[in-house]
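Model the full structure from these sequences, guided by the hints.
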Amino acid sequence: MDERELEQGYANFHRKLNQLLRQRDVKQFKAHIARHPGQAGKLSHCLGLSDEFAEVEMHKAILVRSALKDLHQEARDWLEQRNIEPPPVNQTRRGQRIRKRFGGKRKTDHGRK
-6 MDERELEQGY
4 ANFHRKLNQL
14 LRQRDVKQFK
24 AHIARHPGQA
34 GKLSHCLGLS
44 DEFAEVEMHK
54 AILVRSALKD
64 LHQEARDWLE
74 QRNIEPPPVN
84 QTRRGQRIRK
94 RFGGKRKTDH
104 GRK
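Each residue of the sequence shown is one higher than the last, beginning at -6 in our numbering.
Accuracy of the hints is not assured; some may be wrong.
To be verified - The calculated DSS-like cross-link candidates involving lysine-lysine, where the alpha carbons are at most 30 Å apart (straight line), are:
1) 35 / 62
2) 20 / 9
3) 53 / 35
4) 20 / 35
5) 35 / 9
6) 9 / 53
7) 9 / 62
8) 62 / 20
9) 53 / 20
None of these hints come from the bench; they were simulated from the model.
Because the structure is a prediction, the values reported are computed rather than measured.
And the structure:
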């Protein structure tokens, strides 16, 4: 499998994951992760959780996905109603975080101005 096919598989996994997160069905969420554990990354830990705990992780996953921004408040409310602290949400864009981490320079600048 070449790099392009890997990237396409990864994109398809996340596109389908977004659709499933919109449905908020924990059994389908876990089944999708089980079918693609390599692409699920950190979400793979949900496979060892009860449905109740996996549902918590599902709502946290909604909060960290910018494609699901319209569901963020609902997911935050769901967690807070259960006295679960939502994950911290970084409001800056990734590029801004990288430049800040490297003293305002882009990582590829190698010290040049």
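Now the hints, each set against the structure:
Simply put, residue 35 and residue 62 have alpha-carbon atoms about 20 Å apart, close enough for the 30 Å limit, and the pair holds. Restraint check for residue 20 and residue 9: the C-alpha separation of about 14 Å stays at or below 30 Å, so the hint holds. Distance hint between residue 53 and residue 35 is fulfilled; the C-alpha atoms sit about 12 Å from each other, no more than 30 Å. A hinted pair counts as satisfied when its Cα atoms are at most 30 Å apart, and residue 20 with residue 35 qualifies at roughly 18 Å.
With a C-alpha separation of about 17 Å, the suggested pairing of residue 35 with residue 9 holds against the 30 Å cut-off. Taking the CA atoms of residue 9 and residue 53, the gap is near 17 Å; set against the 30 Å cutoff, the hint holds. With a C-alpha separation of about 16 Å, the suggested pairing of residue 9 with residue 62 holds against the 30 Å cut-off. Restraint check for residue 62 and residue 20: the C-alpha separation of about 22 Å stays at or below 30 Å, so the hint holds.
For the given pair, residue 53 sits about 16 Å from residue 20 by alpha-carbon distance, which is consistent with the 30 Å threshold.
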